[in-house]
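Novice: Here is how the chains run, residue by residue.
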Amino acid sequence: MEKPLVVLKDVSTGYDGDIVLRGVNLEVHPEDFIGVIGPNGGGKTTLIRVILGLLPVFSGTVKFPGGRPGTGYLPQVSQIDKSFPITVREVVSSGFKAPRPWFPHLSKQQKQRVNDMLAEAGLMANANRPIGELSGGQLQKTLLCRALINKPGLLILDEPNTFVDKGFEQDLYRWLQELNRQMAIILISHDIGTISPIVKTIACVNGTLHYHPSNQLSEELLKVYNCPVDIIAHGPIPHRVLKAHSHE
Amino acid sequence: MVPSRTGFSKPIAMSDFLSILQYQFFQNAIITAVLTSILAAMIGTYIVSRKIVFIAGGITHSCFGGIGMAYYMGLNPFLGAAVFGVISSVGIEWVSSRAKVREDSAIAIIWSFGMAVGIIFVFMTPGYTPNLMSFLFGNILAVGKADIYLLLAFTVLTMIFFLVFFRPLLHTAFDPEFSTVMGVPVRFYRYLMSVFIGLAIVLSIRSVGIILVLSMFTIPQMTAMLFTRNFTRVIPLAAILGITGSMAGLMSAYSLNIPAGAAIIFFQTLQFLLLKLLVLFLETRRRGATG
Numbered sequence: 001m002e003k004p005l006v007v008l009k010d011v012s013t014g015y016d017g018d019i020v021l022r023g024v025n026l027e028v029h030p031e032d033f034i035g036v037i038g039p040n041g042g043g044k045t046t047l048i049r050v051i052l053g054l055l056p057v058f059s060g061t062v063k064f065p066g067g068r069p070g071t072g073y074l075p076q077v078s079q080i081d082k083s084f085p086i087t088v089r090e091v092v093s094s095g096f097k098a099p100r101p102w103f104p105h106l107s108k109q110q111k112q113r114v115n116d117m118l119a120e121a122g123l124m125a126n127a128n129r130p131i132g133e134l135s136g137g138q139l140q141k142t143l144l145c146r147a148l149i150n151k152p153g154l155l156i157l158d159e160p161n162t163f164v165d166k167g168f169e170q171d172l173y174r175w176l177q178e179l180n181r182q183m184a185i186i187l188i189s190h191d192i193g194t195i196s197p198i199v200k201t202i203a204c205v206n207g208t209l210h211y212h213p214s215n216q217l218s219e220e221l222l223k224v225y226n227c228p229v230d231i232i233a234h235g236p237i238p239h240r241v242l243k244a245h246s247h248e
Numbered sequence: 001m002v003p004s005r006t007g008f009s010k011p012i013a014m015s016d017f018l019s020i021l022q023y024q025f026f027q028n029a030i031i032t033a034v035l036t037s038i039l040a041a042m043i044g045t046y047i048v049s050r051k052i053v054f055i056a057g058g059i060t061h062s063c064f065g066g067i068g069m070a071y072y073m074g075l076n077p078f079l080g081a082a083v084f085g086v087i088s089s090v091g092i093e094w095v096s097s098r099a100k101v102r103e104d105s106a107i108a109i110i111w112s113f114g115m116a117v118g119i120i121f122v123f124m125t126p127g128y129t130p131n132l133m134s135f136l137f138g139n140i141l142a143v144g145k146a147d148i149y150l151l152l153a154f155t156v157l158t159m160i161f162f163l164v165f166f167r168p169l170l171h172t173a174f175d176p177e178f179s180t181v182m183g184v185p186v187r188f189y190r191y192l193m194s195v196f197i198g199l200a201i202v203l204s205i206r207s208v209g210i211i212l213v214l215s216m217f218t219i220p221q222m223t224a225m226l227f228t229r230n231f232t233r234v235i236p237l238a239a240i241l242g243i244t245g246s247m248a249g250l251m252s253a254y255s256l257n258i259p260a261g262a263a264i265i266f267f268q269t270l271q272f273l274l275l276k277l278l279v280l281f282l283e284t285r286r287r288g289a290t291g
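From first to last, the protein sequence lines are chains A and B. Under the numbering used here, residue 248 is the last one in the first sequence; the count climbs by one each step, no gaps. Under the numbering used here, residue 291 is the last one in the second sequence; the count climbs by one each step, no gaps.
Hints listed in this document are in silico derivations from the structure and should not be mistaken for laboratory results. Fair warning: there could be bad hints in the mix.
Listed below are the simulated DSSO-like cross-link pairs for lysine-lysine, each with C-alpha atoms no more than 27 Å apart in a straight line [what the hints assert, rightly or not]:
| id | chain 1 | residue 1 | chain 2 | residue 2 |
| --- | --- | --- | --- | --- |
| 1 | B | Lys51 | A | Lys97 |
| 2 | A | Lys63 | A | Lys151 |
| 3 | A | Lys82 | B | Lys145 |
Which bits of chain B does chain A cover? Going by a derived footprint, with three or more residues having C-beta under 8 Å, they are [said to hold, decoys possible]:
| id | stretch |
| --- | --- |
| 4 | 167 to 177 |
| 5 | 181 to 190 |
| 6 | 217 to 229 |
The beta-carbon is built from N, C-alpha and C at its ideal position, and this holds for glycine as well.
Build the full structure now, drawing on both the sequences and the hints.
Specialist: Quick look at the structure:
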């Protein structure tokens with residue numbers, strides 16, 4: 001097996017001295033597609049903030065055996081200020097680091113790649129529109145393009161399925177499965193039902209982390225993992241994917 | 001012709017307007033208004049976009065502390081204001097990044113403390129302090145050559161800074177967390193912008209005064225944002241709107257014998273209201289046509 005991209009060992013972390021996560025162990029490998037589930041306030045976002053280096057650890061270690069991988073990050077859409085006067089093109093190009101720090105403008109090739117990316121995502125017609133005029137799906141696409149433009153080795157998405165229509169959600173998941181051939185993906189969702197068929201493995205996060213090495217989880221296991229999925233309240237057929245398949 | 005407290009000795013008819021242009025003090029006032037509008041367009045667009053108008057208000061009022069202390073010690077009041085402006089600007093950025101104290105409370109403290117210090121020192125200064133009113137309400141008609149050169153130099157410096165570092169400035173303002181993940185030195189840019197904000201405010205106090213300066217940094221920008229939500233276009237449009245508002249203000253100050261600073265803000269606000277109404281009218285008509 002290839003060297004892991006990220007190794008979390010016995011990590012405890014939180015905010016202002018309050019522990020949110022404790023004793024977390026997790027390895028992320030280059031071909032992984034991990035679904036992170038758990039109740040609100042259980043520490044899902046805290047987990048990825050540690051991996052992204054946005055939050056220091058109280059104890060334990062976060063290591064990147066092959067050096068810090070290029071990371072694409074798609075934050076929760078609610079964190080984005082939609083009234084900020086910035087265009088789609090500018091947001092996507094902010095995923096690039098300029099070659100020269102003392103004159104931080106993009107190279108010709110980078111500008112071309114922004115154009116290619118916008119065309120590929122079907123955003124070309126909206127390239128010069130401010131983000132405040134976009135639909136939920138278009139904004140998610142813009143943010144995803146920003147995360148992908150630098151061809152990251154690790155893609156981290158925080159609840160990409162909020163505020164988007166079902167049609168876009170399915171497109172997004174197909175896109176992610178395609179991308180998983182080139183990069184590791186960590187996908188946070190409150191909706192285990194929809195992500196379970198797409199991801200390869202599942203991490204249940206609720207104060208601690210339980211790693212489940214397949215994408216099928218039974219209700220019993222969720223209880224054992226102390227992972228009350230408030231998710232069960234979502235959607236009309238709550239049991240459809242939680243049940244273990246016969247081949248498991 | 002000597003400017004009186006309001007700037008002009010007596011009301012003069014509009015037809016005489018061209019003749020006033022030959023006076024040095026009026027030329028200086030026009031140059032100052034243009035430069036301040038351009039400077040405020042750049043810094044103000046950043047302030048309005050980041051929604052830190054209240055922070056800018058805190059910085060502005062804290063400057064009065066510096067002015068008062070400089071008066072008391074017999075130093076240049078603007079030097080005092082600059083020191084207070086930069087310290088409070090960087091201080092607020094520091095407080096907000098630590099989040100131990102509520103940011104809005106911290107701003108309120110700095111805001112009122114600065115004013116209090118200013119009042120105490122001005123009161124303790126022996127003799128009459130004739131220019132105090134000009135700090136509160138501005139005195140664009142008394143701007144000298146040296147002030148203009150300083151304002152020009154800082155405006156050009158800010159312009160170069162914005163042109164070169166436009167991307168990190170925009171990106172760290174829009175999404176600081178993502179910029180951190182990208183390895184952009186977010187803190188460095190935010191502190192640097194605090195210094196720029198502090199100095200820009202102090203240099204603009206000259207034209208419209210502490211009490212009114214905030215509007216130069218917000219009203220033309222909000223007016224521009226009625227028409228475009230593209231950062232790169234908001235800046236030049238805000239500059240133009242700042243200049244037109246200032247010119248209307250200066251002309252009416254001249255013809256109606258009213259204080260120039262207040263007249264400038266009055267016309268910038270009027271401009272905003274009229275254009276807002278126009279935009280609403282056009283939107284309703286368009287909706288009526290399509291719906």
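Novice: The structure should be examined with respect to each hint, and the outcome stated for every one.
Specialist: Cross-check of the supplied hints:
no.	hint	verdict
1	B:Lys51 <-> A:Lys97	25 Å, holds
2	A:Lys63 <-> A:Lys151	21 Å, holds
3	A:Lys82 <-> B:Lys145	43 Å, violated
4	167 to 177	holds (count 8)
5	181 to 190	holds (count 4)
6	217 to 229	holds (count 3)
The earlier numbered hint that this structure contradicts is number 3, and it is the only one.
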